[in-house]
Amino acid sequence: MTTHSHDQDPGANEVTGQPGTFVTRPFAAFGRKVISWVDHMGAAAIFLAKACIMIFRPKQIPGIIQQIYYIGAKSITIIMLVGFFTGMVLGLQSYHALVKFGAQGALGTLVALSLVRELGPVLTAIMITARAGSAMTAEIGIQRISEQIDALDTMRIDPLKFLISPRIAASIISFPLLTALFDLIGILGGFLSGVVLLGVNAGTYFHRVQSSVEMQDVTDGFIKSLVFAVIVTTVCCYQGYFTHMRTDSYGAKGVSLSTTSAVVLSCVLILVADYVVTSFLI
Amino acid sequence: METPLIEFRDVTKRFGSRTILDQVNLKIYEGQVSTIIGKSGTGKSVLLKHIIGLLSPDEGSVLFRGNPIATLKKSEWDAYRVQVSYMFQNNALFDSMTVYDNVALPLQQTMNLSKSEIKHRVMARIEQTELTEVVYKYPSELSGGMQKRVALSRALVTDPTIVLFDEPTTGQDPIRKNAILAMIAEYQRKLGFTAILISHEIPDVFFISNRILALYDGQIVFQGTPEELDEFQHPFKDEVIQSLEGFQEELTGLYSQRHFKVRYQADLSRKRRDDTYAIALFTLVIRAMGAYIDKHFGAVGGFSTRHSINEFVTVLPYSDLDEAGRILEDFAKDFQDRGIRDLESVARKETDSAECIDFTILAGLAQGKPFVEMESIIEFAKFRQEEIARVQCELRR
Numbered sequence: 001m002t003t004h005s006h007d008q009d010p011g012a013n014e015v016t017g018q019p020g021t022f023v024t025r026p027f028a029a030f031g032r033k034v035i036s037w038v039d040h041m042g043a044a045a046i047f048l049a050k051a052c053i054m055i056f057r058p059k060q061i062p063g064i065i066q067q068i069y070y071i072g073a074k075s076i077t078i079i080m081l082v083g084f085f086t087g088m089v090l091g092l093q094s095y096h097a098l099v100k101f102g103a104q105g106a107l108g109t110l111v112a113l114s115l116v117r118e119l120g121p122v123l124t125a126i127m128i129t130a131r132a133g134s135a136m137t138a139e140i141g142i143q144r145i146s147e148q149i150d151a152l153d154t155m156r157i158d159p160l161k162f163l164i165s166p167r168i169a170a171s172i173i174s175f176p177l178l179t180a181l182f183d184l185i186g187i188l189g190g191f192l193s194g195v196v197l198l199g200v201n202a203g204t205y206f207h208r209v210q211s212s213v214e215m216q217d218v219t220d221g222f223i224k225s226l227v228f229a230v231i232v233t234t235v236c237c238y239q240g241y242f243t244h245m246r247t248d249s250y251g252a253k254g255v256s257l258s259t260t261s262a263v264v265l266s267c268v269l270i271l272v273a274d275y276v277v278t279s280f281l282i
Numbered sequence: 001m002e003t004p005l006i007e008f009r010d011v012t013k014r015f016g017s018r019t020i021l022d023q024v025n026l027k028i029y030e031g032q033v034s035t036i037i038g039k040s041g042t043g044k045s046v047l048l049k050h051i052i053g054l055l056s057p058d059e060g061s062v063l064f065r066g067n068p069i070a071t072l073k074k075s076e077w078d079a080y081r082v083q084v085s086y087m088f089q090n091n092a093l094f095d096s097m098t099v100y101d102n103v104a105l106p107l108q109q110t111m112n113l114s115k116s117e118i119k120h121r122v123m124a125r126i127e128q129t130e131l132t133e134v135v136y137k138y139p140s141e142l143s144g145g146m147q148k149r150v151a152l153s154r155a156l157v158t159d160p161t162i163v164l165f166d167e168p169t170t171g172q173d174p175i176r177k178n179a180i181l182a183m184i185a186e187y188q189r190k191l192g193f194t195a196i197l198i199s200h201e202i203p204d205v206f207f208i209s210n211r212i213l214a215l216y217d218g219q220i221v222f223q224g225t226p227e228e229l230d231e232f233q234h235p236f237k238d239e240v241i242q243s244l245e246g247f248q249e250e251l252t253g254l255y256s257q258r259h260f261k262v263r264y265q266a267d268l269s270r271k272r273r274d275d276t277y278a279i280a281l282f283t284l285v286i287r288a289m290g291a292y293i294d295k296h297f298g299a300v301g302g303f304s305t306r307h308s309i310n311e312f313v314t315v316l317p318y319s320d321l322d323e324a325g326r327i328l329e330d331f332a333k334d335f336q337d338r339g340i341r342d343l344e345s346v347a348r349k350e351t352d353s354a355e356c357i358d359f360t361i362l363a364g365l366a367q368g369k370p371f372v373e374m375e376s377i378i379e380f381a382k383f384r385q386e387e388i389a390r391v392q393c394e395l396r397r
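Here the protein sequences come in this chain order: A and B. Take the first sequence: its position 214, counting from 1, is numbered 214 in the working numbering, and each next residue is one higher. Take the second sequence: its position 232, counting from 1, is numbered 232 in the working numbering, and each next residue is one higher.
Be aware that a few hints might be false.
[Said to hold, decoys possible] BS3-like, lysine-lysine: derived pairs with alpha carbons at most 30 Å apart:
hint: 1; chain 1: B; residue 1: 271; chain 2: A; residue 2: 59
hint: 2; chain 1: A; residue 1: 59; chain 2: B; residue 2: 74
hint: 3; chain 1: A; residue 1: 74; chain 2: B; residue 2: 137
hint: 4; chain 1: B; residue 1: 39; chain 2: A; residue 2: 253
hint: 5; chain 1: B; residue 1: 190; chain 2: B; residue 2: 27
hint: 6; chain 1: A; residue 1: 253; chain 2: A; residue 2: 74
hint: 7; chain 1: B; residue 1: 73; chain 2: A; residue 2: 50
hint: 8; chain 1: B; residue 1: 115; chain 2: B; residue 2: 261
hint: 9; chain 1: A; residue 1: 50; chain 2: B; residue 2: 74
hint: 10; chain 1: A; residue 1: 59; chain 2: B; residue 2: 137
[What the hints assert, rightly or not] Heads up, incomplete: computed chain B residues facing chain A, CB under 8 Å, no partners named:
hint: 11; residue: 4
hint: 12; residue: 51
hint: 13; residue: 52
hint: 14; residue: 79
hint: 15; residue: 80
hint: 16; residue: 81
hint: 17; residue: 83
hint: 18; residue: 88
hint: 19; residue: 105
hint: 20; residue: 109
Simulated from the structure, these hints should not be mistaken for laboratory data. Built from N, CA and C at the ideal position, the CB exists for glycine as well.
Working from the sequences, and respecting the hints, build out all of it.
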């Protein structure tokens, strides 16, 4: 695989072979790693910025619709399933905790706020990462190693515009909608376990849901899901797009490692970003 | 002096510590077919990717009509890129798109054409490349040869003026190889584009090339016509051309032109001035015919080569005209009885076509003396050519 002049390895600024003692070498290695990470983050930021600008170029609508179908519509089933059982187990655990304080009436509040503020956006993002994010990395990675991306270049089609921008736009649209669906189904799951199975009053449950969840909670949840959408799509597309720059392996093995890295990194970044965003919103 | 369409001036390209191109200088002229030859892994594809801007040189410059492409303004660069098309070695087709979508993609994405105009242009290319029956299939459902033709259609659909072909015949059977080279030559004549090929099909590719560029050890060691390459003396010739031609020789039973000349001089130099020898000239060359010629004439010390695109010449250094005539009669009978049938069955298998083509094979014999120019004896043999085998479709039905 050849190296492209316009696709220089974003993390290639590592300085190797430096002299040093056994005391300084670990620090040097750590420093190189940090510099590499900073390089990658900078490259990913530029990658994201360019792709976002390209969203508003002509002829993007069909590609975006296609990606909404793939990232959004085809994830509905898994999101509903995970949301439902998350709500159920949340209802079950919360009920047994609240009963100790005689506060089982607050079950609706606990389930709804947990889902809307925290679990909905986070678990939705993780599920989409597993289902669509991994596929994005693998697909783009294979397109890279089979020279399909080079072919786009030769045809004067900007690969960022053609491959990345529709995915980012579709994720920004799909993540909040799927999060809303997750929240709704999760509240129904909590209802099933708390009300139908454990005997909490149905009116109390829904009254608590309605009275405790404010518009600010919903908005905060959506803000998180938008942040996660950008993180997941950027990480997954970036890993696939630069799969040929990997130095640890090549070809199909490189694609598989890129896919693994994309999923692991996305999940970690979702949790890190969740804390950071929450600390700003609270 | 004509300004080259594309010129490399001292272009150097390194990947890490490896220097792939080392001060390469070359010139590509407009409207010509230029073929880059060289050993695998010597940087031919890297060289081609510099032309389309997929790679840029570490040192030196690539010029388009005398202007360095690195200094072109965006509008000039876009105008240049519109003219250039690239056919990848491994086709680089989009495997999640149908044949139609693959060919239509550059039109849909880069031009403001109506759907009907796109369809018209795409279908025209698809028909020209005989892909009509697979238009809505995916690349993975097609044979390697068909995928190659899809890639060719995609490369030509935008009507480019410069087309870069990266090993367009790789992985093709001998008949398809010649068909693809013929197709490139035909389109080049018809559409008038400048073709730049990378190919290992030596000597076949010489027939369609105006210029040959030899890449050896990271440098262009030869650029000129195929005829000039014959006179070129360089280790490249021994390592690349002769090994490839030697391989062809094993496959077809024919000598390369160079080996033929060497053997001709070696055999004829041993003869006395009053000795004679015979030459047979066959017209309408079918690749597999070489094996039959070798079978009959090789047994009596004869050796053969391709004389032109539709002629084989066989030298019989130890036979006079009478003996050559008898061998030719045996050859004609054997070829009429079995050779034509073999060729037809191979052709049908390779092309999936039941179509029959009328053809006639001519052969002529002449006798010469060692000190007489071989070409004049060949001319005489040509003058005496008669029909020795024929396929008439009407009679075979």
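Quick rundown of the hints versus the structure:
1. This hinted pair does not check out: residue 271/B and residue 59/A have alpha carbons roughly 77 Å apart, beyond 30 Å.
2. In summary, the hint linking residue 59/A to residue 74/B is supported, as the alpha carbons are separated by about 21 Å, within the 30 Å threshold.
3. Proximity of residue 74/A to residue 137/B is assessed by CA-CA distance (about 24 Å); at most 30 Å being required, the pair is judged to hold.
4. Taken as a hint, the residue 39/B and residue 253/A pair is honoured in the structure, with Cα atoms around 28 Å apart against an allowance of 30 Å.
5. Our distance criterion of 30 Å between C-alpha atoms is met by residue 190/B and residue 27/B, whose separation comes to about 23 Å.
6. For the given pair, residue 253/A sits about 27 Å from residue 74/A by alpha-carbon distance, which is consistent with the 30 Å threshold.
7. Proximity of residue 73/B to residue 50/A is assessed by CA-CA distance (about 21 Å); at most 30 Å being required, the pair is judged to hold.
8. Distance restraint check for residue 115/B and residue 261/B: the Cα-Cα separation of roughly 58 Å exceeds the 30 Å cut-off, and the hinted pair is therefore not satisfied.
9. Simply put, residue 50/A and residue 74/B have alpha-carbon atoms about 17 Å apart, close enough for the 30 Å limit, and the pair holds.
10. Of the pairs offered as hints, the one joining residue 59/A and residue 137/B holds, with about 25 Å between alpha carbons and a cut-off of 30 Å not exceeded.
11. Evaluation of the residue 4/B hint against chain A yields a violated restraint, the C-beta minimum of about 21 Å exceeding 8 Å.
12. Because the closest C-beta pair between residue 51/B and chain A is about 10 Å apart, greater than 8 Å, the hint is violated.
13. With a least beta-carbon distance of about 5 Å to chain A, the hint placing residue 52/B at the interface is held under the 8 Å criterion.
14. This hint is violated: residue 79/B has a C-beta 11 Å from the nearest C-beta of chain A, more than the 8 Å allowed.
15. At a threshold of 8 Å, the smallest CB-CB gap from residue 80/B to chain A is about 10 Å, leaving the interface hint violated.
16. Because the beta carbon of residue 81/B sits about 5 Å from the nearest beta carbon in chain A, less than 8 Å, this interface hint is met.
17. The criterion of a C-beta within 8 Å of any C-beta in chain A is not met by residue 83/B, whose closest approach is roughly 11 Å, and the hint is violated.
18. Interface restraint check for residue 88/B: the shortest CB-CB distance to chain A comes to about 5 Å, inside 8 Å, so the restraint holds.
19. For residue 105/B, the interface hint holds, the least distance from its beta-carbon to any beta-carbon of chain A being 7 Å, beneath 8 Å.
20. The beta carbon of residue 109/B comes within 5 Å of a beta carbon in chain A, closer than 8 Å, and the hint placing it at the interface holds.
Taken one by one, the earlier hints fail for this structure at numbers 1, 8, 11, 12, 14, 15 and 17, listed in ascending order.
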